[in-house]
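Colleague: In the numbering used here, the protein residues as written are 1 to 142.
Just so you know, nobody snuck in bad clues.
Quick list of in silico lysine to any residue cross-link-like pairs, SDA-like style, CA-CA up to 20 angstroms:
(1) Lys108 / Val133
(2) Lys59 / Gly44
(3) Lys18 / Gln64
(4) Lys108 / Glu120
(5) Lys101 / Leu121
(6) Lys61 / Gly44
(7) Lys90 / Val125
Derived CB-CB ranges, DEER-like:
(8) Arg35 / Ile98: 41 to 51 angstroms
(9) Asp57 / Glu120: 20 to 30 angstroms
(10) Thr141 / Glu79: 12 to 22 angstroms
Simulated from the structure, these hints should not be mistaken for laboratory data.
Glycine included, every Cβ here is placed at the ideal spot set by N, Cα and C.
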Amino acid sequence: MIQIKLIKEYSGKQLTNKFKKKYGSIEKLERMFKRNPEDMMLYGDLDDWIYFNEHHDEKIKETQVLITEKSNIDIIELELMGFIKNEHPKSISELAKIANKDLSSVQKKVNSLKEAGLIELKEGVKNSKIPIVNYDKIEITV
Numbered sequence: 001m002i003q004i005k006l007i008k009e010y011s012g013k014q015l016t017n018k019f020k021k022k023y024g025s026i027e028k029l030e031r032m033f034k035r036n037p038e039d040m041m042l043y044g045d046l047d048d049w050i051y052f053n054e055h056h057d058e059k060i061k062e063t064q065v066l067i068t069e070k071s072n073i074d075i076i077e078l079e080l081m082g083f084i085k086n087e088h089p090k091s092i093s094e095l096a097k098i099a100n101k102d103l104s105s106v107q108k109k110v111n112s113l114k115e116a117g118l119i120e121l122k123e124g125v126k127n128s129k130i131p132i133v134n135y136d137k138i139e140i141t142v
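Can you make the complete structure from the sequences, with help from the hints?
Modeller: Here it is, written out as structure tokens:
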């Protein structure tokens, strides 16, 4: 069994900004929670928003764990993830150019990374796909 931890770190200010985008205002979230007091997600978000409004610089770690029987991740895929994270390519073809690799092989590697849950693909211009690594750290335990 292989365990892969995807870790994202951000500040309390970044979290409160995320809540503003999601709910609009803390007052709106409070009203939503009053209408639905059993919703633990609303309760947790409200509690966090109140806390981190006063603790903007506090760091938060969000961890997602993937467990697999085997991993087909190779050094090229890890390299591609590094390029995606650091270079922010606007398409898979731009990623292939940055990595100096054949486009068809990069497309296959990107698809396997997406299927493994290690990257996301967002819609770009002219039907292109933008590869994104939304994690600051990846830990692999064998």
